[in-house]
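A.B. asks: Let's have the full structure, built from the sequences with the hints guiding it.
2 protein chains.
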Amino acid sequence: MLTVVMAGGIGERFWPQSRRKRPKQLLDLTGRGSMIRLTIGRLAGLSEPEEIFVVTNVEQRGPILQELSGMVPAENIIGEPVGRNTAPCIGLSAVLLSRTYGNRPMLVLAADHLIDRVQVFQQSVRIGESYVTERPALLTFGVKPTRAETGYGYIEAGEIVREQGSARIHRAKAFLEKPDVERAREFVENGNYYWNSGMFMWTTETILGAISTHLPELSRVLTAIDGEIGTRPLDEVLKAWYPQAPSISVDYGVMEKADGVVVMRAEFDWNDVGSWESIRDVHPADARGNVCIGNHVLIDAADNTIVSRDRTVAIVGVDQVVVVDGGDTILVCRRDRVQDVKKVVKTLRDRNRDELV
Amino acid sequence: MLTVVMAGGIGERFWPQSRRKRPKQLLDLTGRGSMIRLTIGRLAGLSEPEEIFVVTNVEQRGPILQELSGMVPAENIIGEPVGRNTAPCIGLSAVLLSRTYGNRPMLVLAADHLIDRVQVFQQSVRIGESYVTERPALLTFGVKPTRAETGYGYIEAGEIVREQGSARIHRAKAFLEKPDVERAREFVENGNYYWNSGMFMWTTETILGAISTHLPELSRVLTAIDGEIGTRPLDEVLKAWYPQAPSISVDYGVMEKADGVVVMRAEFDWNDVGSWESIRDVHPADARGNVCIGNHVLIDAADNTIVSRDRTVAIVGVDQVVVVDGGDTILVCRRDRVQDVKKVVKTLRDRNRDELV
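For the record, the sequence lines run as chains R and U. If you're matching positions, the first sequence starts at 8 in the working numbering and goes up one per residue. If you're matching positions, the second sequence starts at 8 in the working numbering and goes up one per residue.
Heads up, some of the hints might be wrong.
[As the list claims (entries may be wrong)] Listed next, the in silico SDA-like pairs over lysine to any residue satisfying Cα-Cα at most 25 Å (straight line): (1) U:K353 to R:G324; (2) U:K28 to R:R318; (3) R:K185 to R:D335; (4) U:K151 to U:D279; (5) R:K28 to U:R272; (6) R:K350 to U:D293; (7) U:K353 to R:D307; (8) U:K350 to U:R316; (9) U:K264 to U:N199; (10) U:K349 to U:P88; (11) R:K350 to U:D279; (12) U:K349 to R:R295; (13) R:K349 to U:V298; (14) U:K264 to U:E184; (15) R:K151 to R:E212; (16) U:K349 to R:S315; (17) R:K350 to R:E184; (18) R:K350 to U:A309; (19) R:K350 to U:E274; (20) U:K28 to R:D335; (21) U:K353 to R:N297; (22) R:K353 to R:G158; (23) R:K350 to U:K151; (24) U:K350 to R:Q327; (25) R:K350 to U:N199; (26) U:K185 to U:E274; (27) R:K353 to U:A294; (28) R:K350 to U:S315; (29) U:K349 to R:N297; (30) U:K353 to R:R316; (31) R:K349 to U:R318; (32) R:K151 to R:P186.
Since the hints were derived computationally from the structure, they do not count as laboratory data.
C.D. replies: Structure, rendered in structure tokens:
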């Protein structure tokens, strides 16, 4: 199976450990390896190495190449000259895949999500693959909400279009932007709404057709790129054309508008590990609620998150903070303010401290 | 004038920046140089370099020698083989000084206190010197309390025995151990009580006589040392005899019991910089009450103390903490718990992490 792994994120929310050249997907947030390595590892038996394509930005290509050495051929690691959100990234991948493989199903994954129960994941993907092969369909994986999360988009599920064992594929009735907490609660209680996981399945032909219908501007850029490949190096072609692509997400640009959009219930465990707070989902806390990665000394400290590499972190009389050793930087943040770590990154950029971001 | 600088402290309360081999007196806590360098610098015009003696422990002698290179002759930096509190340290100094200089006034200072208004300090010392030269007296410098501090001992002042300009020397009526907060308040309101600064003035003969009367056990050790000096290297003599000295402070062992004890009001500004909290006395706070040494980014942060060397410290949504970059270690401590930094040091020692203390 063809798989595209989107690895262009910069992961500001994991500052100070994530940096421009060492983004979230290259961090080992679980103790089991980098996020991208785990993502590729999950494809064993599903996609051959040469069937896996990783799309990142030119700046990260070197580190990702090194991280995935032996897992993915170097020529399958594509560097975007500029970031243009998911629609151009997916369109470009579909163009490259169809040149080599023609019309084939392609799975689209994020490089920095965590999925457990790999066998269930692979089963779901196989069922999705057969569905999108049989008819033109744009399939997205929906995650059953476990809390009234305001950080994700939601998908309203319609009637069931395929049922196979415990697997369910629904028609997607609506794509809903990140809700406020009240609406999020309604969605969770209603039971008919899924988190939009950002994982997709379709054939190269179906997605390129949908882009041509709903994002003609992007389609023109992709056609230009397709026409020039082979006449000069891919990087040069992309540098010439890719910046002209509109910056738009595939959800907003295609999924919300297209026909044949379906949502498949994810039966595997999914976690997008979106901030330092979600580190607590993947590491056990001690009896006093402290999650500690690395050496530490705690004196009257409760409900903290400590992430260190080589340094010993001592906490005295402090609760509910996250402390992160970033090497040249130290972060101390109240746990309910982890989203504002992005403000630190912005401040450093404003001060021209680019070496720290 | 002969001056003895006591520099044996380990300064656990300034962990993680202070370490066994880099104790508080070697730290630059003010941005103006190490505490010991400032202490020696304050003696310019008062004591010649060869008249200054520094007593430390053997482990710190190397670093202190380096720090004071050119300020104090190497042979004047004495290394105690073990710490035995202030009475043996002062007795040993008096023995060494009287061998070279006979009966002369000697000023005793701590290496890690901060004194401002140096001219006033030198004037006070000169007046004290003439007082203890004219009669056998044990003079201690008392600091007018500015708050109900429970961390210091107090001295009750009796009648004035010398008045010279604004200088006052009182008979010392009583030495009082660290009080509880209620008694401390009484002392401050009463107006007749001084903080015991741990700075002294007497002649070599007077202090050795007082030790002989009140600490005969220490006196025997000092006599043995005095008898062997010259027959073999000082370090060997000290190694053989010094551990047998009783571990006792000069306040408790001598001052509380002796006759002729006087207290001179310190008219200079004195600060013992006793913990990370007192860093705030010597560095100005910003408009939101943050005292910051080193690079930092503050997002919604107030009343914090940040001490960093090379690292950038980012604080998001956290108030009232002290964050210290210790190189191989990071401390995050609630400001009203800084005394418990000692517990971190103890924990690390218990875990055999001696390289971190």
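A.B. asks: Now tell me if each hint is right for this structure.
C.D. replies: Verification of the supplied hints:
1. Of the supplied pair hints, the one linking K353 (chain U) and G324 (chain R) holds, its CA atoms being roughly 16 Å apart against a limit of 25 Å.
2. With a C-alpha separation of about 19 Å, the suggested pair K28 (chain U) and R318 (chain R) falls inside the 25 Å cut-off, and the hint holds.
3. This hinted pair does not check out: K185 (chain R) and D335 (chain R) have alpha carbons roughly 35 Å apart, beyond 25 Å.
4. Proximity of K151 (chain U) to D279 (chain U) is assessed by CA-CA distance (about 13 Å); at most 25 Å being required, the pair is judged to hold.
5. Among the hinted pairs, K28 (chain R) with R272 (chain U) is inconsistent with the structure: their alpha-carbon atoms are about 61 Å apart, more than 25 Å.
6. The hinted pair formed by K350 (chain R) and D293 (chain U) meets the criterion: a straight-line CA distance of about 20 Å does not exceed 25 Å.
7. Annotation: proposed proximity of K353 (chain U) to D307 (chain R) holds, straight-line Cα distance about 15 Å (limit 25 Å).
8. Between K350 (chain U) and R316 (chain U) the alpha-carbon distance is near 23 Å, which keeps this suggested pair within the 25 Å criterion.
9. Distance restraint check for K264 (chain U) and N199 (chain U): the Cα-Cα separation of roughly 20 Å lies within the 25 Å cut-off, and the hinted pair is therefore satisfied.
10. Among the hinted pairs, K349 (chain U) with P88 (chain U) is consistent with the structure: their alpha-carbon atoms are about 23 Å apart, no more than 25 Å.
11. A C-alpha spacing of about 38 Å is found between K350 (chain R) and D279 (chain U), which places the hinted pair above 25 Å, so the restraint is violated.
12. With a CA separation close to 22 Å, the supplied pair K349 (chain U) and R295 (chain R) stays within the 25 Å bound.
13. Our distance criterion of 25 Å between C-alpha atoms is met by K349 (chain R) and V298 (chain U), whose separation comes to about 23 Å.
14. Distance restraint check for K264 (chain U) and E184 (chain U): the Cα-Cα separation of roughly 14 Å lies within the 25 Å cut-off, and the hinted pair is therefore satisfied.
15. At roughly 29 Å between alpha-carbon atoms, K151 (chain R) and E212 (chain R) are farther apart than 25 Å, so this suggested pair is violated.
16. Simply put, K349 (chain U) and S315 (chain R) have alpha-carbon atoms about 22 Å apart, close enough for the 25 Å limit, and the pair holds.
17. Restraint check: the Cα-Cα separation between K350 (chain R) and E184 (chain R) comes to about 23 Å, which is no more than 25 Å; the hinted pair holds.
18. The hinted pair formed by K350 (chain R) and A309 (chain U) meets the criterion: a straight-line CA distance of about 17 Å does not exceed 25 Å.
19. Restraint check for K350 (chain R) and E274 (chain U): not satisfied, since their Cα atoms lie roughly 48 Å apart, outside the 25 Å limit.
20. Distance restraint check for K28 (chain U) and D335 (chain R): the Cα-Cα separation of roughly 24 Å lies within the 25 Å cut-off, and the hinted pair is therefore satisfied.
21. A threshold of 25 Å between alpha carbons decides the hint, and for K353 (chain U) with N297 (chain R) the separation of about 21 Å falls inside it, so the pair holds.
22. Distance check on the hinted pair: K353 (chain R) and G158 (chain R) sit about 20 Å apart at the alpha-carbon level, within 25 Å; holds.
23. With a C-alpha separation of about 46 Å, the suggested pairing of K350 (chain R) with K151 (chain U) is violated against the 25 Å cut-off.
24. For the given pair, K350 (chain U) sits about 21 Å from Q327 (chain R) by alpha-carbon distance, which is consistent with the 25 Å threshold.
25. Using a Cα cut-off of 25 Å, the hinted pair K350 (chain R) and N199 (chain U) is violated, with the two alpha carbons roughly 53 Å apart.
26. Straight-line distance between C-alpha atoms of K185 (chain U) and E274 (chain U) comes to about 22 Å, which keeps the hinted pair within the 25 Å bound.
27. The hinted pair formed by K353 (chain R) and A294 (chain U) meets the criterion: a straight-line CA distance of about 22 Å does not exceed 25 Å.
28. A C-alpha spacing of about 21 Å is found between K350 (chain R) and S315 (chain U), which places the hinted pair at or below 25 Å, so the restraint holds.
29. Restraint check for K349 (chain U) and N297 (chain R): the C-alpha separation of about 21 Å stays at or below 25 Å, so the hint holds.
30. At most 25 Å may separate the alpha-carbon atoms for a hinted pair to count; K353 (chain U) and R316 (chain R) meet this at roughly 22 Å.
31. Simply put, K349 (chain R) and R318 (chain U) have alpha-carbon atoms about 18 Å apart, close enough for the 25 Å limit, and the pair holds.
32. A distance of roughly 16 Å separates the Cα atoms of K151 (chain R) and P186 (chain R); the hinted pair therefore holds under the 25 Å criterion.
Hint violations for this structure: numbers 3, 5, 11, 15, 19, 23 and 25, all remaining hints satisfied.
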